[in-house]
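Colleague: Residues per chain are reported as follows:
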Amino acid sequence: MEEQAEYKKTPPEDTTNWKAWYWGLMIFLAVQIALYFYITNLYTV
Amino acid sequence: MSLIDWGVLLFTLLAIVLYGSWKTRKNKNLESYLKGNNSENWATIGLSIMATQASAITFLSTPGQAYESGMGFVQFYFGLPLAMILISVFFLPIYYKLKVYTAYQYLEQRFDVRVRAFTAFLFLVSRGLAAGITIYAPAIILSTLLDWNLQLTCLIIGGLVIVYTVSGGSRAVSLTQKWQMTIIMGGMFAAFFYVLDSFPETVGLSEGIDIAGKLGKMEIIDTTFDLKEKYTLWSGLIAGLFLFLSYFGTDQSQVQRYLGGKTLKASRMGLMFNGLLKIPMQFFILFIGAMVFVSFQFNKPPIIFNTSATNIETQKQENLVLIEDNYNTVFEKKKEALLAPETNTKDIQFLQAQQDSLRNSYKAEMSKIDEGYESKDSDYIFLTFVLNFLPHGLIGLLLAVIFSAAMSSTAGELNALASTTTIDFYKKFFKNSGDEKKDLMVSKLLTVGWGILAIIIALTAGLFENLIQLVNILGSLFYGTILGVFLLAFFFKKIGGTAAFTAGITGQIVVLSCHFLSVYGYIELGYLLYNLIGSGTVIIAGILIQYIIINNKKQTPQNG
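Chains as they are written, first to last, in the numbering used here: chain A, 1 to 45; chain C, 46 to 605.
Just so you know, these hints were derived from the structure itself, not from any lab.
Any given hint could be a false lead.
For each label pair, taking beta carbons as the anchor points, the in silico distance ranges come out as [to be verified]: (1) 154/C / 24/A: 32 to 38 Å; (2) 538/C / 16/A: 23 to 29 Å; (3) 562/C / 38/A: 21 to 27 Å.
Keep in mind it's a predicted model, so treat the numbers as computed, not measured.
The beta-carbon is built from N, C-alpha and C at its ideal position, and this holds for glycine as well.
Construct the complete structure from the given sequences, taking the supplied hints into account.
Modeller: Written out as structure tokens, the structure is:
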């Protein structure tokens with residue numbers, strides 16, 4: 001029983017691919033900047 | 046405001062307060078009060094982080110900023126996703142590993158108690174003052190436009206926040222922020238559709254964007270490298286990165302939000318959520334402002350938006366009447382030109398310049414008559430639109446949005462101020478009895494104390510002319526130094542407590558000197574750069590003090 005309780009306390013292993021998240025976030029930022037740049041050039045007064 | 050608006054406003058606010066208080070009524074110890082027993086999932090953390098940052102003034106000012114100067118303000122947020130990544134990689138694992146309540150606790154483990162107390166003190170000063178202004182800023186706008194009593198508005202916002210923050214602590218703050226953020230975004234989407242609905246039949250979304258573009262409101266990116274300019278691509282990416290690294294990584298009002306996560310993964314996901322959504326959200330709010338600008342090309346706007354902020358009887362002043370007549374004539378000409386398909390863009394731009402010039406002349410004339418008249422009226426633009434163009438019921442919802450935003454930021458601030466005072470000062474220097482019930486009571490009393498102080502600052506804010514402006518740059522005055530100390534802690538393993546403490550004080554002196562030189566016109570600096578200067582000075586000073594002074598002193602007796 002004690003072992004089981006101990007087992008429950010251990011958080012599940014984090015298998016998330018954080019590198020992919022970070023790269024994805026940076027690419028998303030670059031895409032947004034590119035889009036805003038495009039809009040700016042389209043309407044430069 | 047109609048009865049239905051009052052109903053929607055009161056129901057929304059009371060429901061949130063009661064929900065927050067009821068759901069968290071079982072807080073029995075300090076851990077559950079300050080960290081919510083680490084029970085939050087990633088979505089709650091993400092929304093809570095966004096709600097803490099977005100104060101009421103964000104939703105009042107940002108659309109007005111796009112209306113006046115276009116959408117360039119979005120560049121301010123470009124450093125934010127990068128900051129989220131760095132915090133997720135370097136800051137979060139350390140906070141989790143050490144199981145800290147406040148970010149400053151880590152600094153004692155890494156350096157010494159002086160460094161911890163110094164950074165915690167800087168946080169209390171800057172955030173303590175800011176909490177009052179978070180209440181005052183929307184209250185002054187709401188009371189001016191709706192003719193509400195200013196003191197009562199401040200008391201209601203502050204009082205409601207105190208109720209659920211005191212009773213439910215950190216968990217109540219996060220849970221209510223989740224619903225507040227949902228109401229905020231729902232209200233803003235509804236407002237957006239009504240802005241589009243206010244266009245003439247022949248003008249749709251794409252024509253609206255085209256008009257905003259022709260009149261300079263869609264210029265988003267500025268690539269010039271000018272230190273005087275506040276919002277450019279470079280200042281957003283570089284100085285913005287330092288600002289957000291400091292705000293999200295070391296400001297307890299944010300750190301407390303993600304330290305309440307179930308797991309390290311949930312906290313990281315919350316940060317990623319913020320990194321993904323923050324820029325689109327700010328873009329959307331600015332875009333609403335640009336579309337309000339388009340709407341006011343066809344629906345005559347008032348020549349100034351804060352007429353009710355002055356006692357001048359404008360209709361009795363000949364000069365003002367004359368300028369307003371000319372303004373109305375130019376408005377009608379421009380409206381015709383915009384609806385006629387063959388009109389040259391330059392003609393429309395010329396008419397817009399004329400209209401802007403008449404608006405400025407009117408403001409100058411108002412300032413001549415009433416010296417106390419505040420000519421900056423952009424904060425009133427969005428609410429003027431809401432009150433004049435939205436249907437009853439939705440006006441109440443939009444006012445609930447503004448109240449919710451004010452309450453969510455203030456709650457996060459009070460919660461963090463109380464935690465820092467309890468953990469970094471009371472338990473550290475005064476009494477560490479180990480009596481959980483007593484500590485919990487002290488923490489609750491401190492929350493009430495900070496809440497009352499925030500309300501007092503809000504009630505007296507009107508006495509200080511430049512207080513709002515002061516508080517806007519206050520964060521940047523202290524964030525650079527705090528971040529510099531944290532960067533020394535994370536990345537310069539050989540730097541000790543004395544070097545870090547001395548470097549922190551040096552950095553703070555340098556930033557304050559830069560600020561005063563800038564205020565008195567000796568140098569020209571955008572305030573975002575204070576973050577870069579502060580953290581840079583602390584790092585350089587820390588390295589120099591450690592390696593040149595401290596290490597040499599240690600070596601001298603050995604050599605001798």
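Colleague: What hints, given by number in increasing order, does this structure fail?
Modeller: Number 3 only.
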